[in-house]
Structure formats: C-alpha cells, structure tokens
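Undergrad: Numbering (our numbering), first residue to last: 45 to 415.
Hint data in this document are derived by calculation from the structure and do not stem from the laboratory.
Incorrect hints may appear among the rest.
Distance condition first, Cα-Cα at most 25 Å in a straight line; then the derived SDA-like pairs of lysine to any residue [claimed, not checked]: (1) 300 - 245; (2) 390 - 363; (3) 264 - 236; (4) 379 - 356; (5) 292 - 373; (6) 263 - 318; (7) 212 - 148; (8) 390 - 309; (9) 239 - 272; (10) 406 - 263; (11) 233 - 308; (12) 261 - 306; (13) 176 - 248; (14) 51 - 93; (15) 211 - 363; (16) 371 - 244; (17) 393 - 370; (18) 267 - 231; (19) 200 - 111; (20) 248 - 360; (21) 212 - 131; (22) 291 - 363; (23) 176 - 151; (24) 267 - 306; (25) 263 - 367; (26) 183 - 205; (27) 180 - 214; (28) 282 - 256; (29) 267 - 148; (30) 233 - 392; (31) 248 - 306; (32) 233 - 380.
Simulated restraints on C-beta separations [unchecked claim]: (33) 131 - 204: 27 to 37 Å; (34) 97 - 379: 39 to 49 Å; (35) 304 - 128: 39 to 49 Å; (36) 264 - 52: 51 to 61 Å; (37) 179 - 92: 29 to 39 Å; (38) 413 - 184: 41 to 51 Å; (39) 371 - 100: 48 to 58 Å; (40) 406 - 349: 25 to 35 Å.
Note that the Cβ used here is the ideal one computed from N, Cα and C, for glycine as well.
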Amino acid sequence: MSIKKNKRILILSNHHSYTYNFRKEIIQRLLKEGYEVHIALPYGEKVDLLIEMGCIYTESPLDRRGMNPITDFKLIKSYYKLMKRIQPNIVLSYTIKPNIYGGLICSVLNIPFIANVTGLGTAVGSGGILQKILVKFYKKAFQKAECIFFQNESNKDFFTNNGISMKKFNVIPGSGVNIDEFSYQDYFKDDSTVKFLFIGRIMKDKGIEELIEAAQKIKKLYKNVQFDALGFCEDEYKDRVKVLQEKKIINFHGAKDNVREYIKNSHAIIHPTYHEGMSNVMLEAAAIGRPVLASNIPGCKEIFVEGISGFGFEPRNSESLTQAIGKFIELPNEKKVAMGRAGRRKIEKEFDRTIVVDAYLKEINRILEEI
Numbered sequence: 045m046s047i048k049k050n051k052r053i054l055i056l057s058n059h060h061s062y063t064y065n066f067r068k069e070i071i072q073r074l075l076k077e078g079y080e081v082h083i084a085l086p087y088g089e090k091v092d093l094l095i096e097m098g099c100i101y102t103e104s105p106l107d108r109r110g111m112n113p114i115t116d117f118k119l120i121k122s123y124y125k126l127m128k129r130i131q132p133n134i135v136l137s138y139t140i141k142p143n144i145y146g147g148l149i150c151s152v153l154n155i156p157f158i159a160n161v162t163g164l165g166t167a168v169g170s171g172g173i174l175q176k177i178l179v180k181f182y183k184k185a186f187q188k189a190e191c192i193f194f195q196n197e198s199n200k201d202f203f204t205n206n207g208i209s210m211k212k213f214n215v216i217p218g219s220g221v222n223i224d225e226f227s228y229q230d231y232f233k234d235d236s237t238v239k240f241l242f243i244g245r246i247m248k249d250k251g252i253e254e255l256i257e258a259a260q261k262i263k264k265l266y267k268n269v270q271f272d273a274l275g276f277c278e279d280e281y282k283d284r285v286k287v288l289q290e291k292k293i294i295n296f297h298g299a300k301d302n303v304r305e306y307i308k309n310s311h312a313i314i315h316p317t318y319h320e321g322m323s324n325v326m327l328e329a330a331a332i333g334r335p336v337l338a339s340n341i342p343g344c345k346e347i348f349v350e351g352i353s354g355f356g357f358e359p360r361n362s363e364s365l366t367q368a369i370g371k372f373i374e375l376p377n378e379k380k381v382a383m384g385r386a387g388r389r390k391i392e393k394e395f396d397r398t399i400v401v402d403a404y405l406k407e408i409n410r411i412l413e414e415i
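All chains should be modelled from the sequences, with the hints used to inform the complete structure.
TA: Pasting the structure below:
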C-alpha cells in the first residue's frame, strides 16, 4: 500500500459518456487500491457519476471536432496548468487530442505517461497532409511515453511503420466489456420478423450510406425485416432520416443512454463502419449474445468468427452488406441462437474488461516502482 499512498493519477479524456461507460472499472480499481484519481474532460452529465465515485474533476476546453489552433492552444494551456498544479505521478490519456497534447506536456514536465490509441480516426486514416502533420505530433508526444496501449494490431503497425518510436507498447482487447453488466440475454424464440440494429453516429464514416442502400434493397426482397438505428444524427442527414422514417425503411430512435434493451430486442447488430480501434458496440452486442454483421476491418474482425458468431462484409460496399444481411435472414432460428452463444463465449474468453484493467495496473505499478 505504501507505493500507492498519496499517489495521484490524472486521466485525460474527451467525453463524459465514453469515460464513464468504458473507463469506470479501471477508475474503481485505482480508487480501491488507494490512488487519488483526477479526471480532465469537457463537462457532461456523467461527470457527476465520476465525481460520486471519488474522482476529482477539472473541466477541460476540448473541442472533439477538427483542429483549431485557438481552441487547441487553450487545451494545451489548461493541461499544462493542471499538471503543474496537481503534479500527478502518472498521466493516462485516451483519444487523439489528449494523447498528443497531454503527451507533449508530460514530456516537458517529465511526468510518466501512458497513452491509449483508441483508433486512428478519419484524419489519420484517410492520408494526406493532415496525416503527415499528426504523425509528426505523435512522434514528439510519444517519444517519452512509458507505455502505449493499442486496441488492435493494425493501429500498432501504422505507428511502427511510420517511424513513431515507443519505449514500450502493448496490444489490449480494446476497452473490453463488463461481462456482468452486459450479461447473456436469451434469444428470440422465433424470427417471424428479423430485427437488425445499428448503433453509432448517423454519419458517413460509420457506414450509414451503405446501411441505407442495403436496407432499401432488403425491404424490397423480404417483408419480415425491421431496421432500427440508435445514435446522434449529424445535421447533413436530418432530412434524409425523416424521409426514411416516413417510408418505414429504418426506424431512427436518436441517441440513447442504455443500449442494452435495444440490443436484447434485436436479432443481430449491423456495424458498417469504415474504421475502428476496437468496436465497443460489437463487444457489448456479442456479450449479450447477439450475432454481429460487421465491416471486415481491424477493430471489428477480431470480435467475431466468420459464420460462427457473425458475418463480415466489405467496408464501403452496400452490395456486400446486402448479401450478408440476406444470408443472416435465411438462417434457421436455431442457427442464429447458436451464433449468439458462440459470440458470448468468445467475449468471455478474450474481451473481459478485467483483462484491460489488469494490464493498466501492471504498467502503473511497474512505473511507480521505478520512479
């Protein structure tokens, strides 16, 4: 216990909901073991839950969209002031801006730093000048990092192939999933109406264009099919969403806090995203025992076994998605049930969130023993 007494850990993140939903177990573990846990992120309703857990909160002026020199400078300045004030023993960061700007400040102040690359994101994944700029930032930010956690092998390979040197790195199973919170739920006894569920922002990079095209085709081929979508709708899609809803192609429910009931009441999850770190939507769906239909990309394909617990399809390809949906519809119900059970077993074995928490605690304890 002596190693942890009065030890302060600062967590830098970009969103209240993601921090609570996907990091609360590691925060609980740190608090239980005697660490003083500080969190810095923009305010949202789930910040109050994090404070109730025992975290010390500081609001950070982080704009999740794009790179604006003025707002980003304010963020860098706020990180610097915060670290100078609380003098954390270790900083943990998640997502691009906290990783880069937090890493740069930690490097200047000689604070041990553990980053989590939750995905490459559109800016890095699409190439071009912005990718080159971000790679240079990463090289500076990560050069003194104690450990970098990657959520899939492909993201790790991107960093090593682009000459981003790292003292130590480890590939973990994404954020993992709390298999007690997302417990197995009995499957439908019949499939007279097959219900598909999409969970994600209504935006191009999440594959919404392909989903819309596939849903329109499937609705013409099968009468016993229902498509539902959960997620915040980008402005550019609001008019189309209204039309699709009126035509009963897809039922849009907006953003929802508790997705478990929606997953439980679906036959399968459709995840046509263009890029992922490790899909939390798929992890949660498979944990509940629902087959997944997903893009064959890193961050998705690791979660299911083709034909055993789900079906893959080519990203950005509505015809490939349509074929996967049709293939699933035509399965006998007992095969759908077996797929869901196989998915649950894989999650229990490979993606239990305790695996991720243990990996973090191992690195944190190692660092504290060395300083």
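Undergrad: Of the numbered hints stated previously, which ones are contradicted by the structure, given in increasing order?
TA: 2, 10, 15, 17, 29 and 38
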